[in-house]
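Undergrad: Spelled out, the chains give:
2 protein chains.
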Amino acid sequence: MKNRRDFLKIGGAGLAAVASTPFLANATNVVKGKKIPEDLTILLQGDSITDAGRDKSKLGINDTAGLGRGYAFQIVTNMLGSQPKANLQFYNRGISGNKVFQLADRWDEDCLSLKPDVLSILIGVNDFWHSLKDYKGTAQVYDADFRKLLDRTLKALPNVKLIIGEPFAIKGGKAINEKWYPDFPEYQKYAAAIAKDYKAEYVPFQKVFDDALNVAPVSYWCPDGVHPSMAGGYLMKEAWVKAFNRLF
Amino acid sequence: MKNRRDFLKIGGAGLAAVASTPFLANATNVVKGKKIPEDLTILLQGDSITDAGRDKSKLGINDTAGLGRGYAFQIVTNMLGSQPKANLQFYNRGISGNKVFQLADRWDEDCLSLKPDVLSILIGVNDFWHSLKDYKGTAQVYDADFRKLLDRTLKALPNVKLIIGEPFAIKGGKAINEKWYPDFPEYQKYAAAIAKDYKAEYVPFQKVFDDALNVAPVSYWCPDGVHPSMAGGYLMKEAWVKAFNRLF
Numbered sequence: 001m002k003n004r005r006d007f008l009k010i011g012g013a014g015l016a017a018v019a020s021t022p023f024l025a026n027a028t029n030v031v032k033g034k035k036i037p038e039d040l041t042i043l044l045q046g047d048s049i050t051d052a053g054r055d056k057s058k059l060g061i062n063d064t065a066g067l068g069r070g071y072a073f074q075i076v077t078n079m080l081g082s083q084p085k086a087n088l089q090f091y092n093r094g095i096s097g098n099k100v101f102q103l104a105d106r107w108d109e110d111c112l113s114l115k116p117d118v119l120s121i122l123i124g125v126n127d128f129w130h131s132l133k134d135y136k137g138t139a140q141v142y143d144a145d146f147r148k149l150l151d152r153t154l155k156a157l158p159n160v161k162l163i164i165g166e167p168f169a170i171k172g173g174k175a176i177n178e179k180w181y182p183d184f185p186e187y188q189k190y191a192a193a194i195a196k197d198y199k200a201e202y203v204p205f206q207k208v209f210d211d212a213l214n215v216a217p218v219s220y221w222c223p224d225g226v227h228p229s230m231a232g233g234y235l236m237k238e239a240w241v242k243a244f245n246r247l248f
Numbered sequence: 249m250k251n252r253r254d255f256l257k258i259g260g261a262g263l264a265a266v267a268s269t270p271f272l273a274n275a276t277n278v279v280k281g282k283k284i285p286e287d288l289t290i291l292l293q294g295d296s297i298t299d300a301g302r303d304k305s306k307l308g309i310n311d312t313a314g315l316g317r318g319y320a321f322q323i324v325t326n327m328l329g330s331q332p333k334a335n336l337q338f339y340n341r342g343i344s345g346n347k348v349f350q351l352a353d354r355w356d357e358d359c360l361s362l363k364p365d366v367l368s369i370l371i372g373v374n375d376f377w378h379s380l381k382d383y384k385g386t387a388q389v390y391d392a393d394f395r396k397l398l399d400r401t402l403k404a405l406p407n408v409k410l411i412i413g414e415p416f417a418i419k420g421g422k423a424i425n426e427k428w429y430p431d432f433p434e435y436q437k438y439a440a441a442i443a444k445d446y447k448a449e450y451v452p453f454q455k456v457f458d459d460a461l462n463v464a465p466v467s468y469w470c471p472d473g474v475h476p477s478m479a480g481g482y483l484m485k486e487a488w489v490k491a492f493n494r495l496f
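Sequence order for the protein chains is L and S. Sequential numbering of the first sequence, starting at 1, is according to this note's numbering. Sequential numbering of the second sequence, starting at 249, is according to this note's numbering.
No wet-lab data here; the hints were simulated from the structure. These figures come from a predicted structure and were not determined experimentally. Honestly, I wouldn't trust all of these hints.
SDA-like, lysine to any residue: derived pairs with alpha carbons at most 20 Å apart [claimed, not checked]:
1) K58(L) with K437(S)
2) K306(S) with D55(L)
3) K58(L) with K447(S)
4) K306(S) with Y198(L)
Here are the computed distance ranges between Cβ atoms for each label pair [claimed, not checked]:
5) T386(S) with K115(L): 32 to 42 Å
6) K35(L) with N425(S): 52 to 62 Å
7) K56(L) with S305(S): 13 to 23 Å
8) K437(S) with K115(L): 26 to 36 Å
C-beta: ideal position from N, C-alpha, C; glycine also.
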């Protein structure tokens, strides 16, 4: 009801429709009493968790197949459906297997040229995971590479608003073993510190999943501990949208 | 808060997690104070709107790629995410271009053998649309075929709960023209009457979209008037979940 009252205060078109269609009660670009700017371009960047099987030949704005089947798709469907007046424009440019330096390699084309107003980055699990195999990077390299990428981003796009997702590893998942500890949490500490230093909204995905394990097992939320199920993607979407709403 | 109180009454595991994770406040199999039965098998049937590009080699329960990118996917992600204790099991068996008689042709394999507890059917737009081309069926054929299909279903699955979606055509969409009227609404009348006669929950998709046109144009919700956008899929999901919740 709060949203509804706030909407009434702001007024605007579509009130009759809102009243007759209860699920459109918040179908305005009003979130918690604050107005979302219109025409935002929102870029979702990351690795396989963001990629989630997207069709990489479909690069247009709000392209259904180009958004993949992961948390990104859930974010976009939810925000487009519930904020129809905001004219939100989403891109997904996650690529499976990416580490920070691989984002940097494709950053001109896959970030800067898109001129996002909001940039969401979820990166780090491979920076650690691949170090168990042939990758030579460390947590310090992750930290330095990530800061360099953000410096470059802010130089080109000084007004971009940032969302940084916490890289996560869910204990009990098939790909997670004792080799992940205590090293992987170091990457999470760096991600949190970077978010603070760069005034990004931080999405605490590890806590989201850890809490969810009290409700259903890891097989339900994230079978291998790295790649979320549809239900896990729902948790991520919920947490991400909260972070997004804090930006405005 | 109501859900929360009802959950407290029913009790159960996971309370601490629910309290610490606000978006899991309704992460139980409790909807509006009623308990959803556990282990429900839910089958989504229909035409291209349900199909929505699903990978037809992926036929398993809750298969991400097998669910397509339409309202079905949005239903499943939302229900699995928000009802993690219910062990819901979804199948999508929509096939593009289908009319009622084509559902009947594949009904043994694509419905009866799956033994759904809840069967959702959205069918009818092609029964009309293709009659503008080479299909000889009429609204009366649609009505008779649909009733025959449901009689057969209830004979095999006497306890199945039914959801029937209203076939819809959104005015202003590129595929919709004056040839659709007054004939197409006849199919909608039959669908509504069938839902009533067979005690199905009816999802009034036409009204959902018509109301939404007061908030954003047809190009936003359903560009060709037949196939919803992601935002249109969100509206359908919201309306479908309401109908689902009325079943219990």
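Undergrad: All hints are to be evaluated individually against the structure, with a verdict given for each.
TA: Each hint, compared with the structure:
no.: 1; hint: K58(L) with K437(S); verdict: violated (39 Å)
no.: 2; hint: K306(S) with D55(L); verdict: holds (17 Å)
no.: 3; hint: K58(L) with K447(S); verdict: violated (43 Å)
no.: 4; hint: K306(S) with Y198(L); verdict: violated (43 Å)
no.: 5; hint: T386(S) with K115(L): 32 to 42 Å; verdict: violated (53 Å)
no.: 6; hint: K35(L) with N425(S): 52 to 62 Å; verdict: violated (38 Å)
no.: 7; hint: K56(L) with S305(S): 13 to 23 Å; verdict: holds (20 Å)
no.: 8; hint: K437(S) with K115(L): 26 to 36 Å; verdict: violated (50 Å)
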